[in-house]
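Assemble chain B onto chain A, guided by the hints.
Just so you know, the sequences run in chain order A and B.
Each residue of the first sequence is one higher than the last, beginning at 1 in our numbering.
Each residue of the second sequence is one higher than the last, beginning at 1 in our numbering.
Among the clues, some could well be false.
Derived EDC-like pairs: lysine to aspartate or glutamate, alpha-carbon spacing no greater than 16 Å straight-line [to be verified]:
1) B:Lys30 to A:Asp29
2) A:Lys37 to B:Asp221
3) A:Lys182 to A:Glu341
4) B:Lys37 to A:Asp223
5) A:Lys30 to B:Asp223
6) B:Lys30 to A:Asp223
Honestly, the hints are just simulated from the structure, not real lab data.
Number of protein chains: 2
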Amino acid sequence: MTDKTYDNYVKEMQRIADLGYATALLNWDKEVNMPSKGAGIRTRQVATLSGLAHERFTGDSFSSIIKELSGRKNDFPQQQKRNIELTAKRHDRATKFSTEFVERNSRAVSEAYMAWLKAREANDYSVFKNALGNLIEIRKEEAEIIGYENHPYEAHLDQFEPGGTVPHLDELFKDVKEQLVKFVKELREKEQVEFEFLHHHYDKDKQWDFGIEVLKLMHYDFDAGRQDLSPHPFTTNFAPTDVRVTTRIHEDNFGSMTWSCIHEGGHALYEQGLPLDQYGLPVGSAVSLGIHESQSRLWENNVGRSLPFWKAHYGLAQKYFPENLGSKTAEQFYKAINKVEPSLIRVESDELNYHFHILIRYEIEKGLMEGTYSVEGLDQVWNAKYKEYLGVEVPDDKRGILQDIHWAYGSIGYFPTYSLGSFYAAQFFRQAEKDIPGLVGQIEEGNTSNLLTWLRENIHRHGSLYSADELCKRITGESLNFKYFMEYAKKKYEGIYG
Amino acid sequence: MTDKTYDNYVKEMQRIADLGYATALLNWDKEVNMPSKGAGIRTRQVATLSGLAHERFTGDSFSSIIKELSGRKNDFPQQQKRNIELTAKRHDRATKFSTEFVERNSRAVSEAYMAWLKAREANDYSVFKNALGNLIEIRKEEAEIIGYENHPYEAHLDQFEPGGTVPHLDELFKDVKEQLVKFVKELREKEQVEFEFLHHHYDKDKQWDFGIEVLKLMHYDFDAGRQDLSPHPFTTNFAPTDVRVTTRIHEDNFGSMTWSCIHEGGHALYEQGLPLDQYGLPVGSAVSLGIHESQSRLWENNVGRSLPFWKAHYGLAQKYFPENLGSKTAEQFYKAINKVEPSLIRVESDELNYHFHILIRYEIEKGLMEGTYSVEGLDQVWNAKYKEYLGVEVPDDKRGILQDIHWAYGSIGYFPTYSLGSFYAAQFFRQAEKDIPGLVGQIEEGNTSNLLTWLRENIHRHGSLYSADELCKRITGESLNFKYFMEYAKKKYEGIYG
Chain A
1 MTDKTYDNYV KEMQRIADLG YATALLNWDK EVNMPSKGAG IRTRQVATLS
51 GLAHERFTGD SFSSIIKELS GRKNDFPQQQ KRNIELTAKR HDRATKFSTE
101 FVERNSRAVS EAYMAWLKAR EANDYSVFKN ALGNLIEIRK EEAEIIGYEN
151 HPYEAHLDQF EPGGTVPHLD ELFKDVKEQL VKFVKELREK EQVEFEFLHH
201 HYDKDKQWDF GIEVLKLMHY DFDAGRQDLS PHPFTTNFAP TDVRVTTRIH
251 EDNFGSMTWS CIHEGGHALY EQGLPLDQYG LPVGSAVSLG IHESQSRLWE
301 NNVGRSLPFW KAHYGLAQKY FPENLGSKTA EQFYKAINKV EPSLIRVESD
351 ELNYHFHILI RYEIEKGLME GTYSVEGLDQ VWNAKYKEYL GVEVPDDKRG
401 ILQDIHWAYG SIGYFPTYSL GSFYAAQFFR QAEKDIPGLV GQIEEGNTSN
451 LLTWLRENIH RHGSLYSADE LCKRITGESL NFKYFMEYAK KKYEGIYG
Chain B
1 MTDKTYDNYV KEMQRIADLG YATALLNWDK EVNMPSKGAG IRTRQVATLS
51 GLAHERFTGD SFSSIIKELS GRKNDFPQQQ KRNIELTAKR HDRATKFSTE
101 FVERNSRAVS EAYMAWLKAR EANDYSVFKN ALGNLIEIRK EEAEIIGYEN
151 HPYEAHLDQF EPGGTVPHLD ELFKDVKEQL VKFVKELREK EQVEFEFLHH
201 HYDKDKQWDF GIEVLKLMHY DFDAGRQDLS PHPFTTNFAP TDVRVTTRIH
251 EDNFGSMTWS CIHEGGHALY EQGLPLDQYG LPVGSAVSLG IHESQSRLWE
301 NNVGRSLPFW KAHYGLAQKY FPENLGSKTA EQFYKAINKV EPSLIRVESD
351 ELNYHFHILI RYEIEKGLME GTYSVEGLDQ VWNAKYKEYL GVEVPDDKRG
401 ILQDIHWAYG SIGYFPTYSL GSFYAAQFFR QAEKDIPGLV GQIEEGNTSN
451 LLTWLRENIH RHGSLYSADE LCKRITGESL NFKYFMEYAK KKYEGIYG
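So that you can see chain A by itself, here it is in the shape it has in the complex (with noise of 0.2 Å):
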C-alpha cells in the first residue's frame, strides 16, 4: 500500500542511515586505513555525524511522522507495521533522555575509558574501580528512565537483544552451570589431545591467502565485500551491497586467523543476505545480536570446527601449510583444533569453557545493576568466579576483571548475546540438518550452498520482521532450548574424547 506519511518516513530513515553509514565507514577507515595523525579530526567527524543523525531521528518533523503512523499501525500490512513499532520504540527510547543525562554519561564514558587504560597499564583493578562505580550509577538511573518489566538488567539487555528478559537469561544460565560445567569437568579428565603443531609458524601472506579461500568456500560475496587486516577482527556494512570482514594474523598461530575469517565470514553472510529493499528501515537490519552471533558461531563452531568441513578442506590447508599439516591426518587437526582447556582470557576460549566467561560476567552486571554486587571487591567475586566455574586461578587483574574492554564503554547486558548466539546455532543447525537430506555429507563434499540457501531463506531474508523468538519459533517449532548446544556438544566433544 502507499501512504504519504509512510513514505516520508522511509525516505528519512534512509537519509538517517546515510548518515549512519557514513559514520560507520568513517569508523571502518579509522580501523584499516586511517594515518595516526588523522585520529583527532576523525573523532569529531564521528561526533558531528552520529550528533546529526540523533537530531534528525528525534527533531520534531520526525517525531510527529512517527507519532501519526504509530496511531494507525494497525492499518498497515505486516512489513510496515513492523517497520513502524521498532521505529516507535527506537525512537521513544531516544527521547527519553535529556541533554544534561546524555553529557553526563558521555562524560563517565570517557572518563571510565581513561581509567581502564590506566587500570589495565597498572594492572590494578583499584585504578578503574571508581570510574566504574560511577558508570554504574548511570546505568541504573538508565535503566529506571527506560524502564523494565522484571528486572533493571533488561533496560540494557533489550538494546541487544530486544526482547531477552531475565527470567530466560537465568535459565538458560543455569542449565550452563549445571549440565556444562560438569561436563567440561569429565572432559578435562581425559586424554588431552595434541594441538602444538597449530602453533608453529605459519607465514603471514600464506595465511592471509588461506583466509580469502575460506571466505569464497563459504560463497562470501567478494563482490559486495572485502577482507582487511585491523587489530581487532570485526564486520561492517554500509547496505547488504558492501559488507567488510576483517581479520588479524598471528604468525605462531594457525586458528586465529582461521577462525575469525570464519566467524566474521558468518556475520557478514547474515548482512549480505539482509533485504536490500528495506535499507535504512529495522526490516532491513538484523533481529538481534543474538541472532547475528548465532550466524557467525554456526559457521565458526558447527561448520568451521567440524569434521565434515575439514574432511572437505584439510587438502587445501596442507596445500598452503605442507610442513606444519602434511604429516597430521583431518581427524588429528579436527582433534587439534577442538581442544577444550579452561583458560583466563575470553577470547581464547575453547567453544564450552567460552560459555563459563559469559556466565561470569552475567552473574556481575545482573549484580551490580540489583546491588547485590559493588564495584568494591569486584576483583575478588571476578577471581572466585573464575576458581568455581573454570577452575582457573586468577594471577592478576589484567589476565582477570580488567580483560575486556565493554564495561569500560558503559556496556552492560552485552555478553550474554555471545551464549545466546552458539545456543541459536546449535538449535538452527540441528533444524538444517533436518530439512537438508544429506546436509552433513554435501559439507564433507564441500558443498555450503544449500545450508547458505536455508539461513537465506530462514533467517537473513526477515531482517527483522520477526523477534529473535519467534524467528526461532517459526524456524524450529520452539523457543530457544538449551539443551540442543547440550546435545551437539555431547556428540561432538564426546567423539573427540571418547
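Structure of chain B alone, referenced to chain A:
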C-alpha cells in the same frame, strides 16, 4: 578576539566541513576500496550528505549568522574578516539558485554524462552534441544568475580560480600562442632524444615501492596520509592531518606512476601544510586551483623533471630497475623524461605541448559561452585547432573532442587552472632560488627540506588568507607573469635539445 556570533559561525562551518569530509571519504573509498555492488547505495549516501551540507549552509539559521557577520566584518582582524568575506561569497552563490534550476542542471549533467559515455563507445561526437548543447545553455543561464565583470566565462572561472578574469587569461594565452608555439616548433626540428627505455617492462611491485620512496624523499608525511591505487590518480583530504594520494601503475611505462606520485605528492604537501586551527574555514583551505596546481607542478616539473633531482636520486631508480636503467646515465635519463613531442591526448602530453591542449579548451569554452562557437561542428573546430597549435591530425573523436570527461560533468572554467599552475610554479621556483642560497645544489644532494620549508612559509600556511594574485605579489613582488615560464622552458629545453 572572541565574538559569540563568530564562534557560532566557526562551529557550524566545522560541522558542515565534517559532512563534507565524510563525503570525501565516501568518494575516496569508492575509488580505492569499494566492492562493485556497493556503487548504487554509495551514490545515494553521497547525495544525502552533500544535500545535508548544502541545506545547513543555505538554511535560515546559518544565513542569518553570515548576514550579521558580513554587516560588521570590518570590526574583525584580518583572518576572521577574510573567513567572513569568503564564506559570504560562497553563501551568496549557493543561495542564488532555485530548486528548479538545481534539478534541471543535475538532470542535464546526468544526461550529458550518459551521452558522453555512449559517444565514446560509438567514437562519434554527434551522439554527445545535443546533451552538451543543453548543458552549455544552462551554463550561460547560470553565468547570468551569478553575474560577472567582463565575460560570462568569468562566472565559472571564479569557482575554481577566484579573482581570475578573461582579459588576464587572454593575455596569458596570447603569450602561449606567440612565444611557446614558436619555441616548441623549433625544438621539433632538433635531433630527437632517446626515450624507448622508459617503456620497457617495469615490474608493478617494484614501481609501487619506488613510488613510496619518492614520496618519502619529498617529505610527504605518511603519518598524515597514505598512498593507494586507483584508476585515476588523485589527492583527497579529510583535514591537514589526513591527506591521501593515489597512483596507478603501467608496467610498460616508468613515468606514468613516477610523475603521478610526485604530482599528487605536491598537491598533498600543500594540504598537509594548511593551518589546522582553521579547520573547516576558508582560510584553512587552498586559495585556488591554480595555486594548488602550482604546488603539484612545481614538484612534478621544476623539481621532479630536473637534472639536479635525478643527480641525487637516479641511483635509487637504477637500484630498482637495473635491467632497464643500469646502462643509462642520469643525463640520458633526464633527456628521455623531458622528451617534447606533440600528442593527441592531453594527459599524455609533455610539459610544453600541454599548454596547447589547455589553450584549445580555453578558446572553445570561451567561444561557447559567448556564442562565437556552437556545439554544431565543434569537432571540426577542435580538429582544426589541434592542427594549428600542435601540428597533429586528429584521427577520430575519441582521441579528439571526446577525450576528457570535464565537459560531460558540465565543468566550464576548470582547464585554465592547469596552465596557471605551471606558470605560477615557474615564477615561484625562480623566487625560491633567489630566497634559498644554493637551492639547486641542495636538490642535487637530495635535500628538498629547505624548499619545502619555503613553500610552507610562503604559501601553505596562509591557506586562503590572501587571494592568488595577492599571494603571488607577496612572494615574487609582481602578479603572475608568463615570462618566467618561458625563461624556464627556454633554459631547460635548449639545454636538452642543444
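Hinted pair, alpha-carbon criterion (16 Å max): lysine 30 of chain B, aspartate 223 of chain A. Please report holds or violated. At roughly 13 Å apart (the allowed maximum being 16 Å), aspartate 223 of chain A and lysine 30 of chain B satisfy the hint.
16 Å limit on alpha-carbon distance, applied to hinted pair lysine 30 of chain A and aspartate 223 of chain B: 13 Å, holds
Given pair status - glutamate 341 of chain A, lysine 182 of chain A, alpha carbons within 16 Å: 14 Å, holds
Verify the proposed pairing of lysine 37 of chain A with aspartate 221 of chain B, using a straight-line Cα cut of 16 Å. 10 Å, holds
Pairwise hint evaluation, aspartate 223 of chain A against lysine 37 of chain B, where the allowed Cα distance is 16 Å at most: 6 Å, holds
Taking 16 Å as the top limit, are the C-alpha atoms of lysine 30 of chain B and aspartate 29 of chain A close enough? Judged against 16 Å, a Cα distance of about 12 Å means the pair holds.
The structure fails none of the hints (numbered hints given earlier).
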